[in-house]
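Q: Okay, here's what each chain looks like letter by letter:
There are 2 protein chains.
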Amino acid sequence: MTGTHDEDAAHPANGLDEVVHQRVRLGILTITHEARRVEFGYLRTQLELTAGNLSKHLSVLEEAGLIEVEKGYEGRRGRTWITLTALGAKALADEIGRLKKLIARVEDR
Amino acid sequence: MTGTHDEDAAHPANGLDEVVHQRVRLGILTITHEARRVEFGYLRTQLELTAGNLSKHLSVLEEAGLIEVEKGYEGRRGRTWITLTALGAKALADEIGRLKKLIARVEDR
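Order-wise, the sequence lines are chains A and B.
Residues 1 to 109 in UniProt numbering are what the first sequence lists, from first letter to last.
Residues 1 to 109 in UniProt numbering are what the second sequence lists, from first letter to last.
What the hints contain is simulated information worked out from the structure, not anything from laboratory work.
Glycine included, C-beta positions come from ideal geometry on N, C-alpha and C.
Take every hint as true, because none was put in to throw you off.
In silico DSS-like cross-links for lysine-lysine, where the CA-CA straight-line distance does not exceed 30 Å: (1) K71(B) to K56(B); (2) K100(A) to K90(B); (3) K90(B) to K101(A); (4) K71(B) to K90(B); (5) K101(B) to K56(A); (6) K101(A) to K101(B); (7) K100(B) to K100(A); (8) K100(B) to K90(A); (9) K56(A) to K71(A); (10) K56(A) to K56(B); (11) K90(B) to K101(B); (12) K56(A) to K100(A); (13) K100(B) to K90(B); (14) K100(B) to K56(B); (15) K101(A) to K90(A); (16) K100(A) to K101(B); (17) K100(A) to K90(A); (18) K71(A) to K90(A); (19) K100(B) to K56(A); (20) K101(A) to K56(B); (21) K56(A) to K90(A); (22) K100(A) to K56(B); (23) K101(B) to K90(A); (24) K100(B) to K101(A); (25) K90(B) to K56(B).
Reference listing, derived: stretches of chain A covered by chain B, where coverage requires no fewer than 3 residues with Cβ under 8 Å from a Cβ of chain B: (26) 11-18; (27) 41-48; (28) 95-107.
The whole structure should be built from the sequences, with the hints applied where relevant.
A: Have a look at this one:
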């Protein structure tokens, strides 16, 4: 991550934040954005991940404050629910903005 | 990477290929697409990378057949030139297509 330089002068790829841009995490943010509150198993199916791999990426997003992870029960079964935070929604919007700039540069040629 | 499933049914984040999607590599492909043939030092400056980090990502792209790396001289100075291959141009176009699908899903909400 670079962060501090002049974004307009730099190549749009520099502005991409690995926390958000990474394929699986971008998927998690997109799905929680679509569904607001999603169950762990749903994310796992949608993104075709192992539980371990999904957990690892959820931790990165939770530590960055982009999602909230809530553990509870549905009947007797343990369930984990994931919600996008306001910061997460902002980070996803920023990523989309940068991707659009990058796409525009590719398509201008 | 998933690769074999029905792309239309799956979430667009599944179709993203880590070789191309990774932030630095997406930057390299975008810049070589813009400039056709670029010098190592130019890429390094544009993407604000150390030589070692850039080399590592160039190797991944070269092994995947997405770029060609050519070593030569400019006067007495060693130079490394990077060119996008036809396969690389195709891979970048595929990535852009998938990103657009993903952006459309985010913006539909």
